[in-house]
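Asks: So the chains spell out like this:
Protein chains: 2
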Amino acid sequence: MQTLDVIAHIHTDFPSKFGIPRQSGLVDALKGEIVFTEKYRDASALRGIEGYSHLWLIWQFSKSVTERFSPTVKPPRLGGNRRVGVFATRSPFRPNPLGLSCVKLEKVEWHTPSGPVLRVAGADLLDGTPIYDIKPYLPYVDSHPDAAGGFTDRIDYARLSVDFPAALLDRIPGEKREALIEVLAQDPRPGYRHEADARHYGVEFAGFDVRFVVDGEVLRVVEVEALTKK
Amino acid sequence: MQTLDVIAHIHTDFPSKFGIPRQSGLVDALKGEIVFTEKYRDASALRGIEGYSHLWLIWQFSKSVTERFSPTVKPPRLGGNRRVGVFATRSPFRPNPLGLSCVKLEKVEWHTPSGPVLRVAGADLLDGTPIYDIKPYLPYVDSHPDAAGGFTDRIDYARLSVDFPAALLDRIPGEKREALIEVLAQDPRPGYRHEADARHYGVEFAGFDVRFVVDGEVLRVVEVEALTKK
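Here the protein sequences come in this chain order: D and B. In terms of my numbering, the first sequence has 25 at position 25, counting the first letter as 1, and numbering is strictly consecutive. In terms of my numbering, the second sequence has 78 at position 78, counting the first letter as 1, and numbering is strictly consecutive.
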């Protein structure tokens with residue numbers, strides 16, 4: 001049994017799981033801040049990190065703890081009704097709750113009241129996610145553009161067009177709009193929806209509950225409400 | 001504190017650390033076998049995995065446990081005398097002893113006396129290394145060929161030419177020769193050697209202790225001895 005120490009937490013605009021992109025790196029406009037825990041708050045541990053454009057995060061699936069081992073999972077992108085082996089997916093429901101994400105390193109803030117902070121883009125992590133390790137992305141060993149992607153190769157990642165009425169969009173801070181629209185365009189609905197979809201959905205993002213409906217290939221935002229702080 | 005369960009072990013030709021390539025994927029001829037622990041010995045957990053050409057392994061740096069956190073390390077490839085932040089390296093001496101390697105999936109053996117076995121190539125892992133997670137490599141999110149690789153971009157990975165006398169090479173089983181020669185060509189010496197290098201080195205590989213000297217760009221094998229089983 002190995003025990004792990006939390007070295008940092010990431011702060012993102014996602015207070016809940018619904019709406020988080022399926023994988024890291026899909027929505028570049030999503031920003032995150034990595035703040036180290038007190039024990040690891042040491043600028044010298046980051047010396048040289050500015051030379052890398054991308055980083056690996058190994059993190060804890062903190063909201064997906066399973067009580068017992070289930071060898072198969074139902075990926076939402078396969079419609080949620082086909083079972084696939086857990087080691088053939090990046091599902092959170094796995095023997096050890098370890099997530100792996102590649103993010104872009106945008107900036108190192110060396111001096112903040114919370115010590116050195118890494119500003120990253122493309123993070124598919126819940127706000128407050130505990131991080132166990134940060135490693136540089138090494139293109140000469142990590143990049144395999146011709147790798148075969150299993151069932152993910154055959155999925156049609158259709159984007160939705162987003163109808164966001166100006167009166168509602170105005171409530172969102174300017175610097176958050178691009179990311180929010182991109183999150184919506186990626187179709188945050190669970191994969192097992194039906195063709196005729198009359199449901200109302202909601203995504204919590206950057207302090208707002210953004211409610212929408214989907215008609216065919218068009219996602220229409222119908223309400224934006226400020227979330228009350230917990 | 002998170003505790004991790006060992007889901008599998010990998011079997012490779014490296015009984016000791018010296019000689020293991022710096023990163024995974026550099027020597028394709030290196031073969032490994034992943035055998036699951038009893039609790040996770042379930043073929044259905046691998047359903048669909050044959051569709052992927054590459055896998056991520058998250059594993060334990062079992063021989064590199066550090067007693068206390070050191071924020072900087074001296075990468076061998078920087079000559080062993082320059083300190084770099086631990087999060088700017090893939091060094092084993094890190095807060096949590098988690099390794100990350102991309103390997104090629106060559107074959108799934110569904111039925112063996114040890115349950116299903118994954119045959120992989122390119123593994124830079126010590127024989128018997130405990131594995132915590134296996135995830136599919138997803139090229140659409142994991143592959144970034146243009147990423148900047150920090151200090152690793154500026155290192156000259158000069159290969160050595162290998163002079164392996166036929167009488168010595170004959171002692172190595174045929175199917176292990178290509179991998180061994182490639183391991184030697186990658187220059188397994190620690191990075192902090194001096195120009196004039198009179199030392200004898202030894203690499204333990206596939207049951208043999210392979211001793212060599214290096215003169216300039218030529219590595220010459222001087223002895224091959226069978227290792228006695230521990």
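Do not rely on the hints blindly, as some may be mistaken.
The calculated DSSO-like cross-link candidates involving lysine-lysine, where the alpha carbons are at most 30 Å apart (straight line), are [said to hold, decoys possible]:
#: 1; chain 1: B; residue 1: LYS107; chain 2: B; residue 2: LYS17
#: 2; chain 1: D; residue 1: LYS74; chain 2: D; residue 2: LYS39
#: 3; chain 1: D; residue 1: LYS74; chain 2: B; residue 2: LYS107
#: 4; chain 1: B; residue 1: LYS17; chain 2: B; residue 2: LYS31
#: 5; chain 1: D; residue 1: LYS17; chain 2: D; residue 2: LYS176
#: 6; chain 1: D; residue 1: LYS107; chain 2: B; residue 2: LYS74
#: 7; chain 1: B; residue 1: LYS74; chain 2: D; residue 2: LYS74
#: 8; chain 1: B; residue 1: LYS107; chain 2: B; residue 2: LYS176
#: 9; chain 1: B; residue 1: LYS107; chain 2: D; residue 2: LYS39
#: 10; chain 1: D; residue 1: LYS176; chain 2: D; residue 2: LYS31
#: 11; chain 1: D; residue 1: LYS17; chain 2: D; residue 2: LYS107
#: 12; chain 1: D; residue 1: LYS107; chain 2: D; residue 2: LYS39
Quick caveat, the hints were computed from the structure, so don't treat them as lab data.
Asks: Hint by hint, note whether the structure agrees.
Replies: Quick rundown of the hints versus the structure:
no., hint, in the structure
1, B/LYS107 x B/LYS17, "holds, 26 Å"
2, D/LYS74 x D/LYS39, "violated, 39 Å"
3, D/LYS74 x B/LYS107, "holds, 24 Å"
4, B/LYS17 x B/LYS31, "holds, 16 Å"
5, D/LYS17 x D/LYS176, "holds, 18 Å"
6, D/LYS107 x B/LYS74, "holds, 24 Å"
7, B/LYS74 x D/LYS74, "violated, 44 Å"
8, B/LYS107 x B/LYS176, "holds, 18 Å"
9, B/LYS107 x D/LYS39, "violated, 43 Å"
10, D/LYS176 x D/LYS31, "holds, 9 Å"
11, D/LYS17 x D/LYS107, "holds, 26 Å"
12, D/LYS107 x D/LYS39, "holds, 22 Å"
Of the numbered hints listed earlier, those contradicted by the structure are 2, 7 and 9.
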